[in-house]
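Trainee: Listed below are the residues making up each chain.
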Amino acid sequence: MIKQIWLKEIKSELYTWKSTVWLLVTSLLFSFTSYLLLTNKELSLLDQTELLWILSEIIIGVALLIITIDASSIINSEFEKETAETLFLSPMTIKDLILGKLLASLSLWVAIFAVAAPYIIVASSGTDLALPFLFFVALLGTLGIVGFIGIIFAISLVYRSVKNTLTTSLILLLVFSVPAFFSSTLKNNPVAAWFSIIDPIDNIFSSLDNILVDYHTSILQNLNFIIPLSIFCAIGFISLWIAVKYFKKQGVIRSTQ
Amino acid sequence: MKKIHKILILVSILFLPITFAEASTNSPLSFNILSPSSLSGTAGDFVTVQSQITNTGTTSLSEITSYLSLVDTENKLPVDLEDWSAEKGLFIGTIEPKQTLPLNWKIHFVKAGKYSLIVVAEIAGKNYPQTSTIVNFSVGPKQNLNPGKVLPVALFTPIVILFVMVLLTYKRNSKLSE
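First to last, the sequence lines map onto chains A and B.
Counting in the working numbering, the first sequence runs from 197 upward without gaps.
Counting in the working numbering, the second sequence runs from 32 upward without gaps.
In case anyone wonders, no lab produced these hints; they're calculated from the structure.
Note that the structure is a prediction, hence the values are computed from the model and not measured.
We put the beta carbon where it would ideally sit given N, CA and C, even for glycine.
Listed below are the simulated BS3-like cross-link pairs for lysine-lysine, each with C-alpha atoms no more than 25 Å apart in a straight line:
| # | chain 1 | residue 1 | chain 2 | residue 2 |
| --- | --- | --- | --- | --- |
| 1 | A | Lys-214 | B | Lys-206 |
| 2 | A | Lys-277 | A | Lys-444 |
| 3 | A | Lys-207 | B | Lys-206 |
| 4 | B | Lys-202 | A | Lys-214 |
| 5 | A | Lys-204 | B | Lys-206 |
| 6 | A | Lys-359 | A | Lys-291 |
| 7 | B | Lys-107 | B | Lys-145 |
| 8 | A | Lys-199 | B | Lys-202 |
| 9 | B | Lys-107 | B | Lys-142 |
| 10 | A | Lys-199 | A | Lys-277 |
Computed, partial: chain A to chain B, Cβ under 10 Å:
| # | residue |
| --- | --- |
| 11 | Thr-212 |
| 12 | Thr-216 |
| 13 | Leu-220 |
| 14 | Ser-223 |
| 15 | Phe-226 |
| 16 | Ser-230 |
| 17 | Leu-233 |
| 18 | Thr-235 |
| 19 | Val-311 |
| 20 | Pro-314 |
| 21 | Tyr-315 |
| 22 | Val-318 |
The following block holds chain A by itself, in its conformation from the complex:
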């Protein structure tokens, strides 16, 4: 059942030309950015590793934005199109629905990563960073994205509205993104330092900085970033589990008390 839901979503997300335009725009953005980073006289004075780091931030940023938008609508569209009741009349559980939709959202991340891979390889040429770059973007990106999908799905099950879920999710993304761009001076503030430990986006960017700029390319050297990201991922699943309980209590057709 999970596979059927996943394939159905993939078809609607990647089968028509309209649904893949975003992928073309994403590749154009990566093309423009990598070409500018490598050819612009002023920017090319930066160290190559700094350029790789900027590219990694753009890849992760674009992926998070697209996944947030997709995850905000993928469950809610069933409620808004009133197809949820029909779905639950079939021998399908809420777990099947969520896992199928989770796989579909993760497939978009796989598509973005596949598009980004040639840029990663060409930008890293001349350094030994191509493989660590690919590996850690995949690992850190997957951990962060799974955590975000969990939280967004939880919001979806509570709100059952695309508009409200999308607004909340985008604000949540903004809340986590802005401190990640704070300068190190600002991060010295105790509150900012504490937030930077729990902020998944800050952890992803800091870990990529550690790998690409400081050449700390082993998992052990990045555990201080991977552990908080894994905790964030777990929080995503816990919130989803709580939301499922709430959803089951409310029923497919929400009871009006």
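Got chain A; can you put chain B on it based on the hints?
Mentor: For chain B alone, coordinates are given in the frame of chain A:
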């Protein structure tokens, strides 16, 4: 009256080089750039201009402001040091007779080309600056990036995606028409 003016101008012109020469020969300060050979490099490099300033006079000198002056010898233009050096100038409070002090500037090679550099010092109350000898150096273009390789990827990835999109649409339409 006009004659007197002409004579005065002539005399001042004759004596002007002597005054300059006097200023430079009686210079109480001497500069020594220690790292002229290490100055060459590639755009993007950070190098340190190491120099020494010595008070060759018999009295101490106060309030000396020293700075770098860079000229692009290919384009015959002075270079704005805003991006090249974080230290705009170095201030020396007092330098005793026969004392030597180090003057180091960290500079960032921003653009490839040929350049000349001098260290200039101004002593409070003196009418003429003191300068070092000219150091010529060249900055090579940065080679470690490969813009040539990124162009095919930047062009072909969107083209491949566009091709896949067209193929999917064609496949879908042909399925619908069956």
